[in-house]
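Can you build the whole structure from these sequences, using the hints too?
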Amino acid sequence: MTAYILRRLLILPVILLGVTFLVFFMMQFLDPVQRLSAYIKSPAELKSLSADDLEKLVDKYGLNKPLLVQYFDWLKRVLRFDLGWSEVAHQPVRDAILSRFPATLELALFAVFPVVWGGIWLGIISAVNRDKPLDQAIRIFAVIGWSLPSFVFGILVLFLLYGVLGLFPPGRLSLWAQNIVSSPDFKLYTGLYVVDGILNGRFDVALDALRHLVGPIITLSYLWWAFILRITRSSMLEVLHKEYIVMARAKGVPEKLVIHRHAKKNALIPVLTVAGMMVLGLLGGVVITETIFDYPGIGRLAATAAQQLDYPLILGITIFYAFLLVLGNLVIDVLYAVVDPRVRLE
Amino acid sequence: MKKLLEVLNLKTYFFLEEGVGKAVDDVSFFINEGEIFGLVGESGCGKSVTALSIMRLVPSPGKIVGGKIIFEGENLLEKSYEEMRDIRGRKISMIFQEPMVVLNPVYSIGFQIAEAIVVHYPEVSWDEAWERAVYMIEKVGIPNPRRRAEEYPYQMSGGMRQRAMIAMALINNPRLLIADEPTTALDVTVQAQILELMERLKEEYKASILFITHDLSIIAEISHRVGVMYGGKIVEVGDVFSIFDRPLHPYTFGLLNSMPRLDKEEKRLYSIPGSVPSLLSFPQGCRFKDRCDKAFSLCDKEPPLVEVESGHFVQCWLFSK
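Protein chains in written order, with my numbering: chain A, 1 to 346; chain B, 1 to 321.
It is possible that part of the hints are untrue.
[To be verified] Here are the simulated distance ranges between beta carbons:
#1 Leu134(A) with Glu78(B): 25 to 31 Å
#2 Leu210(A) with Glu72(B): 58 to 64 Å
#3 Asn144(B) with Gln28(A): 56 to 62 Å
Bear in mind the hints are in silico, worked out from the structure with no lab data behind them.
Please read these numbers as outputs of a predicted model, since none were measured by experiment.
Cβ coordinates follow ideal geometry from the N, Cα and C atoms, glycine included.
Set out below in structure tokens:
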């Protein structure tokens, strides 16, 4: 097992090199001045410059050197997470991403359980009650969720939970809580307001942060359930027809254990990939849901950057996603090995 | 001799969209204590469904629609789910044909054997169950049992897995072992080892065996009594000597003739003409009549099961007066 993880870790730098090269290659489609914006440290550097000075800047950052030299120069900057200045966020790209990430992380952490576990749970119930009314009901329910565009369902949730019931507001914090969080007495340990609220002994703040998470979580869960449910259900149905399931029953294993011990572990192997991708999707920010619920995460930042053609920020987020994806895949592969002994020795 | 299991007029039908498939139709036989009963027939004749019916594990859309299965004096068809679960794996165990697919790939061999103990005896601690599993693994002839117990099915050869499955089936000292083609997927040399192992353990654990196979040579070697199945019916049943020396039913006759023999020189091996009719299209009357060279007018009606000599029954009009 350790050897397997070590082997995977050794491949990691190679993949990252490939990924960064790909991003760099795509950057070459921009003209040098646009590319330049990914290098400069503050807008002051660009302002009141004549065409002549631009040439100097191109020179300064080596944008006329051979491609490979440029790549390694740029890679050094990437490794320092020095990605230029974002016009949209009015701060360096690094700070723009790092300041939004805790919000996305908090949403992702709280959404993972209902989204993934809920979908798997529904899928198993569906498979066990195959073609019975319960199965039909769950499937219809899920297909509706799958077919609804997120902006429709999101707005519906917002309307019901906030507009009608006034229970779960949009945003990340209420104004009064925001003031507490911004005050110097409140220490930001993690950037996750629920956790920080508890650590600071301000349970009212933690509760307020939680209330703001409910809407996005309900939206994400319902929209993504169908996907994970369908894979769990079909995988579970396939496994339930395997002979080792008959064997387990023939050995006198109670039906509950047949399903939750013998069938589930096998059925979850294909689900793992999808669930992992969903977690990565959550960590990368969910553009529409974040926008509807006015939630200041990475997804909304990415959307704004794209709308405003803020190249440095787009590139920064691309690299951030790439790293996330590579690391996430590593975690999924390790989980595979944990679940399936056949993977470990390959 | 005492009867351990008696199957009476068992009917297991499959309710398919195209019609009702009578996979097991009015089958009766019994197994004495300490006996190996061989059930033989071509594939699709209902052997496996008979076995699964005894376990009450017939897959949907199959259903047991009639008959009785008397085990230790009680009708298994009247048992509740929980009573039946308690019998499975403790009093009646089953081993299957394909050891490759019958063991759960994500649990170790030791886990799967120890689990068979714990589900029936919750008072046994996991460590003790594990020890007993290791002991049993050694008993079925797997070397290095302590290490092997930690291994997963994919790390073992077919023969090893079949041994592991036998260990799993015998761990609770069952009264009846149902073996559904246990050696079919194995090499001939491994086959012989497994058969010998089963016979030895049967003696040691004083169990009876219902041995299902299409291989007559295995039946001749190990069983005491034999039932020949065709088209969901037992067409002939008797002790192994009378079946092999004095086969009565034309189907049994054909089966025996299609065995290669060393003492007779033949240019070409005999084969029964035609193939087993599909579950949904059995002919009226005797189900073998379309392939039978001795068929005559009476065969359009269903023949009764008659006792021709003591303990030797046949279902054929040739022997009914």
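Here is how each hint holds up against the structure:
1. A hinted range of 25 to 31 Å holds for the C-beta pair Leu134(A) and Glu78(B), which are about 29 Å apart.
2. Taking 58 to 64 Å as the suggested C-beta distance range, the pair Leu210(A) and Glu72(B) conforms, at roughly 60 Å.
3. One distance hint, 56 to 62 Å for the beta-carbon pair Asn144(B) and Gln28(A), holds here, with the actual separation near 60 Å.
Of the numbered hints given earlier, the model fails none.
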